[in-house]
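**Student:** In the working numbering, the protein residues as written are 1 to 91.
Derived from the structure by calculation, the hints contain no laboratory data.
Just so you know, even glycine gets a beta-carbon here, dropped at the ideal spot from N, CA and C.
There could be a bad hint or two in this list.
As the list claims (entries may be wrong) - Estimated spans, in silico, between C-beta atoms of each pair:
1) Asn14 <-> Gly37: 25 to 31 angstroms
2) Gly76 <-> Leu4: 18 to 24 angstroms
3) Gly60 <-> Ile5: 17 to 23 angstroms
4) Pro10 <-> Cys40: 23 to 29 angstroms
5) Pro10 <-> Thr48: 14 to 20 angstroms
6) Gln28 <-> Lys71: 21 to 27 angstroms
7) Glu61 <-> Pro7: 19 to 25 angstroms
8) Met1 <-> Thr48: 35 to 41 angstroms
As the list claims (entries may be wrong) - Derived BS3-like pairs: lysine-lysine, alpha-carbon spacing no greater than 27 angstroms straight-line:
9) Lys66 <-> Lys52
10) Lys71 <-> Lys91
11) Lys23 <-> Lys66
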Amino acid sequence: MLDLIRPDWPAPANVPAFTTTRKGGVSQGPWSSLNLGENCGDNPDHVTQNRKLLRTLLPGEPNWLKQVHGKWVVRGGEEPSPAADAIVSNK
Numbered sequence: 001m002l003d004l005i006r007p008d009w010p011a012p013a014n015v016p017a018f019t020t021t022r023k024g025g026v027s028q029g030p031w032s033s034l035n036l037g038e039n040c041g042d043n044p045d046h047v048t049q050n051r052k053l054l055r056t057l058l059p060g061e062p063n064w065l066k067q068v069h070g071k072w073v074v075r076g077g078e079e080p081s082p083a084a085d086a087i088v089s090n091k
């Protein structure tokens, strides 16, 4: 079971939101347990399994990022797996 943080805000019921924590995934060692990043040295099969766990809670396939720890923001759907720190969408 994934450990989620759900905001307590006055948003419409059709605007769900949550933040994942590192708990509830299958990664081991320094990446334990819910590592979702492909570019950090974790076992790729573990990352795939973690992403599948998260995907069960989402209405569609997310746009995964190659996080760069900078200031780059991209628009969702423009390219697959962009190098950025955040992604925005109006969908």
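**Student:** Does each hint fit the structure? Answer for all of them.
**Tutor:** Tested hints:
1. Distance hint check: the CB atoms of Asn14 and Gly37 are about 29 angstroms apart, consistent with the given range 25 to 31 angstroms.
2. One distance hint, 18 to 24 angstroms for the beta-carbon pair Gly76 and Leu4, holds here, with the actual separation near 21 angstroms.
3. Against the hinted window of 17 to 23 angstroms, the Cβ-Cβ separation of Gly60 and Ile5 comes to about 21 angstroms, which satisfies the hint.
4. A C-beta distance of roughly 36 angstroms is found between Pro10 and Cys40, which places it outside the suggested range of 23 to 29 angstroms.
5. For Pro10 paired with Thr48, a C-beta distance near 37 angstroms fails the hint of 14 to 20 angstroms.
6. Between Gln28 and Lys71 the beta carbons are some 32 angstroms apart, a value that contradicts the proposed interval 21 to 27 angstroms.
7. The beta-carbon spacing between Glu61 and Pro7, approximately 23 angstroms, falls within the hinted interval of 19 to 25 angstroms.
8. Take Met1 and Thr48: their Cβ atoms lie about 19 angstroms apart, and the range 35 to 41 angstroms is violated.
9. Annotation: proposed proximity of Lys66 to Lys52 holds, straight-line Cα distance about 17 angstroms (limit 27 angstroms).
10. Among the hinted pairs, Lys71 with Lys91 is consistent with the structure: their alpha-carbon atoms are about 22 angstroms apart, no more than 27 angstroms.
11. Distance check on the hinted pair: Lys23 and Lys66 sit about 21 angstroms apart at the alpha-carbon level, within 27 angstroms; holds.
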